[in-house]
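There are 2 protein chains.
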Amino acid sequence: MKVTPYEVEGEIDYDRLVQGFGASRLTPDLIRKIKNPPLLLRRGHFYAHRDFDKILKEKKFAIVSGRGPSENMTLGHLATFKFVKEIQDRYGCYVFIPFSDDEKFLYKDITYEEARQHCEENALDIIALGFDPKKTEFMFDLGGMKQDIYNLSIKCAKRMTFSMIKDSLGFIPSNNIGSIFYPAMQAAHILYPTVKYDLPVVVVIGIDQDILVRLSRDAAFKLGLRKPADLLSKFLPSLTGDGKMSASDPNSAIYTTDNEKTIKKKLNNAFSGGQETIEKHRKLGGNPDIDACFQYLKLFFEEDDKKLKQIEKDYRSGKLLSGELKKYTIEKAVSFLKQHQAKRKQARKNLSKFLSR
Amino acid sequence: MKVTPYEVEGEIDYDRLVQGFGASRLTPDLIRKIKNPPLLLRRGHFYAHRDFDKILKEKKFAIVSGRGPSENMTLGHLATFKFVKEIQDRYGCYVFIPFSDDEKFLYKDITYEEARQHCEENALDIIALGFDPKKTEFMFDLGGMKQDIYNLSIKCAKRMTFSMIKDSLGFIPSNNIGSIFYPAMQAAHILYPTVKYDLPVVVVIGIDQDILVRLSRDAAFKLGLRKPADLLSKFLPSLTGDGKMSASDPNSAIYTTDNEKTIKKKLNNAFSGGQETIEKHRKLGGNPDIDACFQYLKLFFEEDDKKLKQIEKDYRSGKLLSGELKKYTIEKAVSFLKQHQAKRKQARKNLSKFLSR
Chain A
-19 MKVTPYEVEG EIDYDRLVQG FGASRLTPDL IRKIKNPPLL LRRGHFYAHR
31 DFDKILKEKK FAIVSGRGPS ENMTLGHLAT FKFVKEIQDR YGCYVFIPFS
81 DDEKFLYKDI TYEEARQHCE ENALDIIALG FDPKKTEFMF DLGGMKQDIY
131 NLSIKCAKRM TFSMIKDSLG FIPSNNIGSI FYPAMQAAHI LYPTVKYDLP
181 VVVVIGIDQD ILVRLSRDAA FKLGLRKPAD LLSKFLPSLT GDGKMSASDP
231 NSAIYTTDNE KTIKKKLNNA FSGGQETIEK HRKLGGNPDI DACFQYLKLF
281 FEEDDKKLKQ IEKDYRSGKL LSGELKKYTI EKAVSFLKQH QAKRKQARKN
331 LSKFLSR
Chain B
-19 MKVTPYEVEG EIDYDRLVQG FGASRLTPDL IRKIKNPPLL LRRGHFYAHR
31 DFDKILKEKK FAIVSGRGPS ENMTLGHLAT FKFVKEIQDR YGCYVFIPFS
81 DDEKFLYKDI TYEEARQHCE ENALDIIALG FDPKKTEFMF DLGGMKQDIY
131 NLSIKCAKRM TFSMIKDSLG FIPSNNIGSI FYPAMQAAHI LYPTVKYDLP
181 VVVVIGIDQD ILVRLSRDAA FKLGLRKPAD LLSKFLPSLT GDGKMSASDP
231 NSAIYTTDNE KTIKKKLNNA FSGGQETIEK HRKLGGNPDI DACFQYLKLF
281 FEEDDKKLKQ IEKDYRSGKL LSGELKKYTI EKAVSFLKQH QAKRKQARKN
331 LSKFLSR
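Residue numbers (our numbering), protein chains in the order written: chain A, -19 to 337; chain B, -19 to 337.
With the rest of the complex left out, here is chain A:
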């Protein structure tokens, strides 16, 4: 197993990750304390944390959840922001979304122009989820670098050595110096609501990015600031059944801009937990735990817990066939994405309301 912000490989042991990273499991007790827990919390996708119990005791707090802009945004990416939006709805909290166009440009083989454009396109998907523009701020590094963020990144950078970064992130001397600096910029994004608005922060992030939060917590400590809390998620499963969903592999994920035909094709071809024949399926039942469609229902489309439980039971018993499960998932997916795409179109005119002020 290898899990870093830049590489995820092998069979993932989520328990070992939590232990290894020094985080805590989200206990049923803690989840019960959350107002009307959103789907991704109820269903164990967000499964670990640091100091989130302390955040819940605060009257006001801010969420920081970043977006590494890419050409296509997947439903997986969207699921995380939907979760963030649900927490905003329940707590009225402030949400800061740094778009790391600079990071993507520095780490990936893309042009400066592409990095800039992906930012704007991805922002539309996030706006379409219904964030409150009065309480949500997007930060585009290459399109709206704030003096406060730059200065904070320099303060953080002074406290981070190359050794620390190298050991934590596996950097080598042929890495460009922008990528080496970037953890300081990320720390600045994370600590900004605390420095600027005196708000405690919870970072909502995949467990593979955890090290960046730890580096930020260390910088916060050294700068005499409150350490950011975090909520850590598992990876979203690939449609193909192996590994992590990836925006760069169109077969592994549904994109937010996919049309009906593509959605149908992708879900019909998705990895199934059913048996090879109907007879066998009726007799032995299917395995929802590895079934891509079931996972999409569980982590995105099926809000109703009872209904999901029934589907799981029926699929496991063989009463529900793979074809039927696929059909139901496709209906849900098409319906969601049609609405989403309409909202996404409307979002463009609201973009400026979300940009750095």
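In case anyone wonders, no lab produced these hints; they're calculated from the structure.
One should not assume that every hint holds.
No copy is singled out in the list; a pair is fine if it fits within one copy or between any two copies.
To be verified - Heads up, simulated DSSO-like pairs for lysine-lysine below, C-alpha to C-alpha not over 30 Å straight-line:
1. 146 to 202
2. 329 to 126
3. 34 to 299
4. 13 to 65
5. 176 to 333
6. 40 to 244
7. 241 to 323
8. 260 to 299
9. 263 to 245
10. 115 to 307
11. 333 to 114
12. 39 to 62
13. 244 to -18
14. 15 to 299
Bear in mind the structure is a predicted one, so any value in this text is a computation, not a measurement.
Starting from the known structure of chain A, fit chain B onto it as the hints suggest.
Coordinates of chain B only, in the frame set by chain A:
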């Protein structure tokens, strides 16, 4: 001999530096082509260059000459900006002065607030020299970071690896990641007039900083931009007679804010090239080449070439005594600094005219 942007040690062999760095000597032929050559060119203080002959063929060009802000600005620092101002007067060229408050904060044991404050104080000295505010722009990284500069630094950073920086600047893994990134920011300062205004650039800089220009030239090449030219100076001698003038050693240099009493004391105590007794001096003569007062006249106070020659001759022959040379230098220094300090007071109200737009 060790000469890097962060350390200068040993007996300096200026010829070997030019050769080693791959620059060219400023020839008498090239100096003759410069309109009314300023004192520091006539007297060999600026002694090497890259592509400056090409710059002289341009109708328009920009000078970039940075300031690493420090608590006290020395006459040595001022001499370089006086030179830049003289080139501006003769050619009507644009002058960009990046104040690397971020660099100083990252490299030195000073607070963020100190770095910010030194910037503003040093700026007053530079304004007092009479720069044209319509053609001169100051860039404070921590007090006016421009989106264009940040974005350009990221583009440069993508083309610079840790290996390159490490080998060029002698970095070690315990260096902070801000200092490792800084060469990209410096390259952005240098390339900005070319990117933003399509102006060829000449960097006016001490030879110890040459590597940063070479890194910028390399980045320019990789980005398809015109490479910046440079004019390279020797070091200003210390008042104490050993090594380089240093802003952090008050005995080594006259500060722009020193009062009459301090100036007198510093110059009277300065390293002398005279003999121990008047009799010996009359007989053997003094050595102006190692005499701190003579060097101040040569590099700053005595504009008149004939007069300087006479002083040199008389000092060498023993006709001019050390005490007389000191007295003359003190008169010149006090007179200059009184005027300068008056202009410096006036400068504060004009500061905003020079800041980034």
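So, against the hints stated earlier in the document, which numbers end up violated here? 3, 6, 10, 13 and 14
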